[in-house]
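Protein chains: 2
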Amino acid sequence: MTETELIAHLKPLLPTNDFVVNGAGDDCAVLELGSPDTQTLFKTDAVVEGIHFTADTEPERVGRKALARCLSDIAAMGGTPTAGVVTLGLPRGFEPERIKAMYRGLNRLAAQHQVAVVGGETTTTPGTWLINVALLGTVPRGRALLRSAAKPGDALFVSGDLGGSIAGKHLDFEPRLSEGRWLLECAGIGAVMDLSDGLASDLPKLLAASGVSGAELHKSAVPISREARERGRTGDLAKPPFVAAVTDGEDFELLFTVRPGHSVRVLDEWKARFPSVRLSCIGKLTDGAGILVRDGGRVQPLPPHGYEHFA
Amino acid sequence: MTETELIAHLKPLLPTNDFVVNGAGDDCAVLELGSPDTQTLFKTDAVVEGIHFTADTEPERVGRKALARCLSDIAAMGGTPTAGVVTLGLPRGFEPERIKAMYRGLNRLAAQHQVAVVGGETTTTPGTWLINVALLGTVPRGRALLRSAAKPGDALFVSGDLGGSIAGKHLDFEPRLSEGRWLLECAGIGAVMDLSDGLASDLPKLLAASGVSGAELHKSAVPISREARERGRTGDLAKPPFVAAVTDGEDFELLFTVRPGHSVRVLDEWKARFPSVRLSCIGKLTDGAGILVRDGGRVQPLPPHGYEHFA
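Protein chains in written order, with our numbering: chain F, 1 to 311; chain E, 1 to 311.
Pulled out of the complex, with its shape left as it was, chain F reads as follows (with noise of 0.2 Å):
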């Protein structure tokens, strides 16, 4: 049993009630708690030693990395976060220096984004050093972007580059909210979701969630990064760079759909906002069956490896 059919099992068996508008599936909750303008957002996520991080990873850039991912979350529905809470697992004697310096990067970057971390709790692991945060967000009525509005013919577009994030990226990124409320006031947009287990399974989950059955990419039009290319030529684990852009996961990039007829003006106002955040157009949405790759005059199907746990 794969974690997806895990999840197909277990999500219709979560209960439900009034004050939810989209529960689980989609990169938050959507919730209905009461605000006449507004509706919240809701994720939890957590980076784990040994596969979030390594031992060595400076502690700082580790609590950054755990608030970041899941500003990238709220970032994907076009929100704006608003308060998160943290749960510290960590082994006995582990240092007091440590988590104070965890608790810099994870500040630093909550209240560069005007984040409230509203509460910490510590519990004792039997050996892992792991980290969980819990962010609300805030999005106008009714106006979250997600994963399940995709249709055939809408275009498909990512933000920056994809792969090789384990170089650096995977810490340092910038969760992209800037450019997540841009697209909710953008006319034309369709579905939207960001990018953490790599592109080759992540689409699917967006096409699953939309109910389209394919997408066709043009291999050349997908973005690769230098690591990814890096890598690609060096070392052990090489990997050819559009493989690693399209499998290596962790890139925190957006993935969204534009209706047909938008392409070109959304591809125009986001160089004129966002000049430094490269938006490529990668291919379409298609009631064809699968991902299909279009390389020249080659077309092959995608491969589904992208980052699957309990792989």
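Nothing false has been slipped in among the hints.
Put simply, identical chains are the same to the list, so a pair is met inside one copy or across any two.
Cut-off 20 Å, straight-line C-alpha distance, at most; resulting in silico cross-link-like pairs (SDA-like, lysine to any residue):
#, residue 1, residue 2
1, Lys11, Glu95
2, Lys11, Gln114
3, Lys205, Gly25
Just so you know, these hints were derived from the structure itself, not from any lab.
The hints should help you fit chain E onto chain F, whose structure is shown.
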């Protein structure tokens, strides 16, 4: 550096903003998210294998406990829980059947309290199973029950029986949600908190939060559970029952103070409303120094050895 000292260092450094009514330091944070009538409660908490449950604990009870602990914190604010998100950290190769069972236990308790589960992240850990729950609740505007509201002269009350929770109650306790909401409506209530680390550890937190210097407990009035008495008689880990009652931890009972002149009415009304839950008046707050235990004619300081993380 103890956990308490570390928290005292970290708390003033946490960023805040206009959404925050009460930040870190109480059972839940209190937020202002735009609703004219209500405020939002926010809490995070984790249970970890080897600390809060064992490899043998039925996964249903683990899932239940993970949520129940957060519900107990909402109860201590007089709130009503609304929606939660779950982070599951699992070692590779963890059986899907155990995950399903964990969610069965968690979902059942959530449904019982009309709590929606709106997100379920899964992450890999290098060997330990853990569950983090972040929970939202709602409380009438400006009415949340705080641990900072005690005054010298208040009587001190505790619900239920204390100690010996490890015999089973730590997994199967009923969060005191109805009782908490009742306290919110009740005249003469001072400070409220839930007992998670044991009275000897938690009462000092209530005093510190309220700026009250002392308390006097009547030893014979402290309600000692049957399990704490039995464990006091047998086994290698035998503690005197009173010591077990005040130091075992994981009682998940409500500790609260009552203004002078209100105690008898509160006791009478509680008995009528919650006939199956014992309520005990165990002493009073003073402007003396520290916590004293009165045992017949003897008076002794309460040893502050509840559960301290990293101790």
